[in-house]
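Enquirer: All chains should be modelled from the sequences, with the hints used to inform the complete structure.
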Amino acid sequence: MSSERKHLPMYTIDAFASKPFKGNPAAVCLLQDEDLSDETKQNIAMEMNLSETAFVRPVNAGSRFGLRWFTPKNEVNLCGHATLASAAALFTCKGNYDTSVNLIPYGVDKLIEVWLCDNFPSNQFCIGFCESKQFELNEESSLNVKISLGSCQPVDVQYTPGANRELLLRLPDTCSRQEFEQMSPNPSAMMNAYKTGEVMGVILTLKGSKENGAVDEDGRMFDFISRYFAPWNGIDEDPVTGAAHTVLSAYWSKVLRKTEMYARQCSKRGGNIEIKVRDDGRVELAGKARTVLEGKIFVD
Numbered sequence: 001m002s003s004e005r006k007h008l009p010m011y012t013i014d015a016f017a018s019k020p021f022k023g024n025p026a027a028v029c030l031l032q033d034e035d036l037s038d039e040t041k042q043n044i045a046m047e048m049n050l051s052e053t054a055f056v057r058p059v060n061a062g063s064r065f066g067l068r069w070f071t072p073k074n075e076v077n078l079c080g081h082a083t084l085a086s087a088a089a090l091f092t093c094k095g096n097y098d099t100s101v102n103l104i105p106y107g108v109d110k111l112i113e114v115w116l117c118d119n120f121p122s123n124q125f126c127i128g129f130c131e132s133k134q135f136e137l138n139e140e141s142s143l144n145v146k147i148s149l150g151s152c153q154p155v156d157v158q159y160t161p162g163a164n165r166e167l168l169l170r171l172p173d174t175c176s177r178q179e180f181e182q183m184s185p186n187p188s189a190m191m192n193a194y195k196t197g198e199v200m201g202v203i204l205t206l207k208g209s210k211e212n213g214a215v216d217e218d219g220r221m222f223d224f225i226s227r228y229f230a231p232w233n234g235i236d237e238d239p240v241t242g243a244a245h246t247v248l249s250a251y252w253s254k255v256l257r258k259t260e261m262y263a264r265q266c267s268k269r270g271g272n273i274e275i276k277v278r279d280d281g282r283v284e285l286a287g288k289a290r291t292v293l294e295g296k297i298f299v300d
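Counted the way full-length UniProt numbering counts, the sequence shown spans residues 1 to 300.
These aren't lab readings, by the way, just hints derived from the structure by calculation.
Treat the hints with caution; some may be incorrect.
Listed next, the in silico DMTMM-like pairs over lysine to aspartate or glutamate satisfying Cα-Cα at most 25 Å (straight line) [claimed, not checked]: (1) LYS296 x GLU75; (2) LYS210 x GLU181; (3) LYS73 x GLU39; (4) LYS41 x ASP300; (5) LYS254 x GLU211; (6) LYS19 x GLU284; (7) LYS19 x ASP300; (8) LYS6 x ASP35; (9) LYS6 x ASP300; (10) LYS276 x GLU198; (11) LYS94 x GLU4; (12) LYS268 x GLU181; (13) LYS19 x ASP218; (14) LYS254 x ASP156; (15) LYS296 x GLU4; (16) LYS94 x GLU34; (17) LYS94 x GLU47; (18) LYS207 x ASP300; (19) LYS254 x ASP173; (20) LYS94 x ASP35; (21) LYS195 x ASP236; (22) LYS207 x ASP173; (23) LYS258 x GLU211; (24) LYS258 x ASP300; (25) LYS268 x ASP236; (26) LYS276 x GLU260; (27) LYS19 x GLU294; (28) LYS276 x ASP156; (29) LYS94 x GLU294; (30) LYS207 x ASP279.
Expert: Below is the structure:
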């Protein structure tokens, strides 16, 4: 008689979504004490075929969790929506958290903490990130950006170095939400403009107003809206990107002179994010999550 095949818990969770099939889906694989090889993790990410698969491994008897993220193509340094999805898997599916402080610190270079929100609307999760800094690009780099976006002409271009390596492009305030959502940047042109790894993501963003239609279904105005493109990681357009909002929050907090903001990422699936910029230089991103699939994956 053959022994039972080795398997692990697997979830698909829609992050930054109040109902299924919205927000950004991520796969979450809960590991036991025994880790998997990087090759196996990459194969699982390819099998799940979502923008990111998160691998969560307990550290210190389950009070702290290590976290890694893989796209179907490669490992990435940071993924906000898959982090929020991981928190949802642990909180709602496994009940693995300290109820006295409602905090799950993730052991990823002391970069991320996740907890159940008690100061935001109910049933939301908060992620605490380090704020991402930017600096202005020179004119030559700005021209490369404009070429990659075709007819789109940004009024401000910022660059975030380090792990993010992202361009932020602010569009004119006269642009409407409808025009913003209908733009079709060329991912191939982006990759041709930046071939050496200095750019791994492009953020388009627009200041929100009631006049340009940047409001939610209840009429509440978004402080800013955005879209995110990462063809270098095999993602033409990402539905909702938590990590990109560490860049966006730093930028718009200075422009708007606000520390609390409400934002939307305007992909076809879309998602809303509550933001707080803290005095200690960290950013809190809050959003809901919905589990849409629960099962197990066989790895032998």
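Enquirer: Give a verdict on every hint.
Expert: Taking the hints in turn, this is what the structure says about them:
1. LYS296 x GLU75: 22 Å, holds
2. LYS210 x GLU181: Within the cut-off at roughly 16 Å; holds.
3. LYS73 x GLU39: 12 Å, holds
4. LYS41 x ASP300: 13 Å, holds
5. LYS254 x GLU211: Cα-Cα ~22 Å, so holds.
6. LYS19 x GLU284: 22 Å, holds
7. LYS19 x ASP300: 34 Å, violated
8. LYS6 x ASP35: Holds - the C-alpha atoms of ASP35 and LYS6 are around 13 Å apart, at most 25 Å.
9. LYS6 x ASP300: 6 Å, holds
10. LYS276 x GLU198: 29 Å, violated
11. LYS94 x GLU4: The given pair, whose Cα atoms are some 23 Å apart, holds under the 25 Å limit.
12. LYS268 x GLU181: Holds - the C-alpha atoms of GLU181 and LYS268 are around 9 Å apart, at most 25 Å.
13. LYS19 x ASP218: 16 Å, holds
14. LYS254 x ASP156: Distance of about 14 Å is within 25 Å: holds.
15. LYS296 x GLU4: At roughly 13 Å apart (the allowed maximum being 25 Å), GLU4 and LYS296 satisfy the hint.
16. LYS94 x GLU34: The hint holds at about 18 Å.
17. LYS94 x GLU47: Satisfied, since the Cα-Cα distance of roughly 24 Å is no more than 25 Å.
18. LYS207 x ASP300: 50 Å, violated
19. LYS254 x ASP173: 16 Å, holds
20. LYS94 x ASP35: Since the Cα atoms of LYS94 and ASP35 sit roughly 19 Å apart, the hinted pair holds (cutoff 25 Å).
21. LYS195 x ASP236: 16 Å, holds
22. LYS207 x ASP173: 6 Å, holds
23. LYS258 x GLU211: Measuring from Cα to Cα gives roughly 20 Å; hence the hint holds.
24. LYS258 x ASP300: 51 Å, violated
25. LYS268 x ASP236: 13 Å, holds
26. LYS276 x GLU260: 5 Å, holds
27. LYS19 x GLU294: The hint holds at about 16 Å.
28. LYS276 x ASP156: 23 Å, holds
29. LYS94 x GLU294: Status holds; Cα separation ~12 Å.
30. LYS207 x ASP279: 23 Å, holds
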